[in-house]
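From just these sequences and the hints, can you work out the full model?
2 protein chains.
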Amino acid sequence: MEKAVKVGLLGLGVVGTGVLEILSDHQEKIRNSIGGPLTVTKALVRPDENKKRLAEKYHVELVTELESILNDPEIAIVVEIIGRIEPAKSYIKQALLAGKHVVTANKDLIAQHGSELAALAQERHCNLYYEASVAGGIPILRTIANSLVADEITEVLGIVNGTTNYMLTKMVQEHQTYEETLVEAQCLGFAESDPTNDVDGIDAAYKMIILSKFAFGMTVTMDQVSIKGIRGLSVADVVTAEQLGYTVKLIGSTIKRTEGIAVEVSPVLVPSAHPLAAIHKEMNAVFIKSSGIGESMYCGPGAGARPTATSIVADLMTIVNKIQLNTIGHCFTAYTQPTKLIPADKIMSKYFLSLEMPDESGQFLKLTQILTRLQVGFEQIVQEKSQSQNARVVLVTHETSATNIGTIEKTISEEKGFTLLSSMKVMGE
Amino acid sequence: MEKAVKVGLLGLGVVGTGVLEILSDHQEKIRNSIGGPLTVTKALVRPDENKKRLAEKYHVELVTELESILNDPEIAIVVEIIGRIEPAKSYIKQALLAGKHVVTANKDLIAQHGSELAALAQERHCNLYYEASVAGGIPILRTIANSLVADEITEVLGIVNGTTNYMLTKMVQEHQTYEETLVEAQCLGFAESDPTNDVDGIDAAYKMIILSKFAFGMTVTMDQVSIKGIRGLSVADVVTAEQLGYTVKLIGSTIKRTEGIAVEVSPVLVPSAHPLAAIHKEMNAVFIKSSGIGESMYCGPGAGARPTATSIVADLMTIVNKIQLNTIGHCFTAYTQPTKLIPADKIMSKYFLSLEMPDESGQFLKLTQILTRLQVGFEQIVQEKSQSQNARVVLVTHETSATNIGTIEKTISEEKGFTLLSSMKVMGE
Chain Y
4 MEKAVKVGLL
14 GLGVVGTGVL
24 EILSDHQEKI
34 RNSIGGPLTV
44 TKALVRPDEN
54 KKRLAEKYHV
64 ELVTELESIL
74 NDPEIAIVVE
84 IIGRIEPAKS
94 YIKQALLAGK
104 HVVTANKDLI
114 AQHGSELAAL
124 AQERHCNLYY
134 EASVAGGIPI
144 LRTIANSLVA
154 DEITEVLGIV
164 NGTTNYMLTK
174 MVQEHQTYEE
184 TLVEAQCLGF
194 AESDPTNDVD
204 GIDAAYKMII
214 LSKFAFGMTV
224 TMDQVSIKGI
234 RGLSVADVVT
244 AEQLGYTVKL
254 IGSTIKRTEG
264 IAVEVSPVLV
274 PSAHPLAAIH
284 KEMNAVFIKS
294 SGIGESMYCG
304 PGAGARPTAT
314 SIVADLMTIV
324 NKIQLNTIGH
334 CFTAYTQPTK
344 LIPADKIMSK
354 YFLSLEMPDE
364 SGQFLKLTQI
374 LTRLQVGFEQ
384 IVQEKSQSQN
394 ARVVLVTHET
404 SATNIGTIEK
414 TISEEKGFTL
424 LSSMKVMGE
Chain X
4 MEKAVKVGLL
14 GLGVVGTGVL
24 EILSDHQEKI
34 RNSIGGPLTV
44 TKALVRPDEN
54 KKRLAEKYHV
64 ELVTELESIL
74 NDPEIAIVVE
84 IIGRIEPAKS
94 YIKQALLAGK
104 HVVTANKDLI
114 AQHGSELAAL
124 AQERHCNLYY
134 EASVAGGIPI
144 LRTIANSLVA
154 DEITEVLGIV
164 NGTTNYMLTK
174 MVQEHQTYEE
184 TLVEAQCLGF
194 AESDPTNDVD
204 GIDAAYKMII
214 LSKFAFGMTV
224 TMDQVSIKGI
234 RGLSVADVVT
244 AEQLGYTVKL
254 IGSTIKRTEG
264 IAVEVSPVLV
274 PSAHPLAAIH
284 KEMNAVFIKS
294 SGIGESMYCG
304 PGAGARPTAT
314 SIVADLMTIV
324 NKIQLNTIGH
334 CFTAYTQPTK
344 LIPADKIMSK
354 YFLSLEMPDE
364 SGQFLKLTQI
374 LTRLQVGFEQ
384 IVQEKSQSQN
394 ARVVLVTHET
404 SATNIGTIEK
414 TISEEKGFTL
424 LSSMKVMGE
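So the sequences go chain by chain: Y and X. In case it helps, my numbering puts the first sequence at residues 4 to 432. In case it helps, my numbering puts the second sequence at residues 4 to 432.
Where hints are given, some of them may not hold.
These stretches of chain Y come out as covered by chain X in the derived footprint (C-beta under 8 Å, 3 or more residues) [what the hints assert, rightly or not]:
#1 101–109
#2 135–146
#3 278–284
#4 294–307
#5 317–330
Keep in mind the hints are simulated off the structure, nothing from the lab. The beta-carbon is built from N, C-alpha and C at its ideal position, and this holds for glycine as well.
Laid out in structure tokens, this is it:
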């Protein structure tokens, strides 16, 4: 039996508690797998009664100075679970400089400063793992890095934000409004009081940046991602989409074409028979198209203390194996390509448009004349019985460019009495 | 750049061709990932014109004697893609004895002789990998071995046979009969002329044996698996199940309870909102319940030359990494537990029963009396308008044991004029 590998936690909230529980509950299985015990000996926190009880139960020393962990020669691995950028970033850098391996679940940080931290880790001959940063409980980064390494990925489509997927599921299945589902998600603890990061697609964009690195080896920044959230989405559009055979989902996509990749987050109409349409509530899923395997999908909980902690412990065990085999210092993903981006609007797509127009004869003709003039064909069109003087019309176009749709949106908005209600991409079968 | 790692193929059919194509198409990505080229230098085949052309294109030497590969000191890894038990088994043993690492896609062999071959590999300090043996393109074995190692799995439910899933999809979506879908699957090359292995659940059982080893560390033999296929399944039952909110799927399950595990293959009514219900046509999926992650699912193509070849190349690259890091000789899964089995009928379940009875007054009362006497409650019951003198009745029971259902089946069959048409498990929400 080899000697114990000791771990220091930065932060001790619900995820940290989950890590302690898993290491304790499955200690025998873990010990058998890595040839010795794996234990948390110190945690950096502001101590309170609750944390003191926890510390006592799991024999963890609570410390208030980072140095207590960094200067402890017995601690080999540091787990960062504070979140946000600072002080997490400086802490991780100091840990790597002190020769500690690092595990983090921090997507904001990895998406924005991952390359810098990975370079520092390699320079210091340390490991940096962050499986839990994307789709919490789904081992998607490891799968792309290890199993799809011999394949050529062309598209990664993800439902990677549990909060918005929960809200959309409620809108689709129970016809609740956007506002109602947001309050419900907040009460259940899925959404924060300021839901901006979730509903405006920012959280999903961070994750798509990390997935772009793993799938295509390219480093993308936030300003290079086309981002549109679900804020204010109308339940009428969600219901009409359902009637046309589609389920509205907030889809993060990173797509490769000959000229480069396009990274985007936006609400998309997913055909109901598509596996992504069956991902309900707070579940996450990543759908991959590749030349070898074809289509594959990985789904599971995207957040939550236990799933996130499980991914962190898997990262810890990977590092312990590498320490024992003396093969440390390899990057989580070694795949690096020059970053070549194409605008998201270069990716052709069908579009769903909904609009209001005066419920008078001749108006429908006017709409079809606009479409014909701009050479955008449509494959589905629905006019609803109006409850006011206006009629609501919904249509699904043939494949066209975002530029074309932009022109259509503009033309419709400028037409007297016409109001464009929404415009969303439609995924092909 | 390190020196080339050379590979010998045993067999050169469509999968072998796929391996050659992938190694050629993605040679740069592969070389970057493993630090040097990976090439097939020899293939053991009965040469024909087609294979000679292929060999010339990819610079592979065709050989007719196993020894040409085993005695070649340059060849480090042997890929077995002959299939079936013999001569595949002796070839793999000879390869391991000759100090070659082995990759195979052979599920029949791994399910029945995996422990013996893994022990030999370990004794000879060689690696034995077989990711492609279960659910071709889905890296499910690696995911369980690497990412779920810190988790405690309680259930693995799989759609692991593409042929039967294709047939069932056609029965559900197009109301084709069993016989019609079988012929179609045979024409498309999904099903062999003798479809026994697929439709009787044998192929799925092999895969569940391998999954049981990875999920629970236990070695199970074919006679310990409860196996029921879809042969002769009536389209009427499939359609009624759909009306009741279920999709019929051939489900392989390996389930852990306190006393042990139960391994089973049988047609099951899956609730339509369950992610497994959305796995259509020849796609495979593995759904895992575990204490840490909760519910996760992995889906992709279960067979096909390219997906299978992609998994084989991923295995090859894993081995090359281990050779280069000098960390060879570890098992694909090191998880080993004493095998403790419980009978599949100890797993409580709801059941779907369909039967015919005379379309006369008093008969329905008789049926409910039988159920009441045997203390089996039901939550759904449907009597269909009869086209003959008989009425068709379908019911879904509350959770009960297989023993209880056995008694009910027997009692119904013995009742004058009653015919039991089918009995299937119903998956809970």
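Hints and how they fare:
no. : hint    : result
1   : 101–109 : violated (count 0)
2   : 135–146 : holds (count 5)
3   : 278–284 : holds (count 5)
4   : 294–307 : holds (count 12)
5   : 317–330 : holds (count 6)
Checked against the numbered hints listed earlier, the structure breaks hint 1 alone; every other hint is satisfied.
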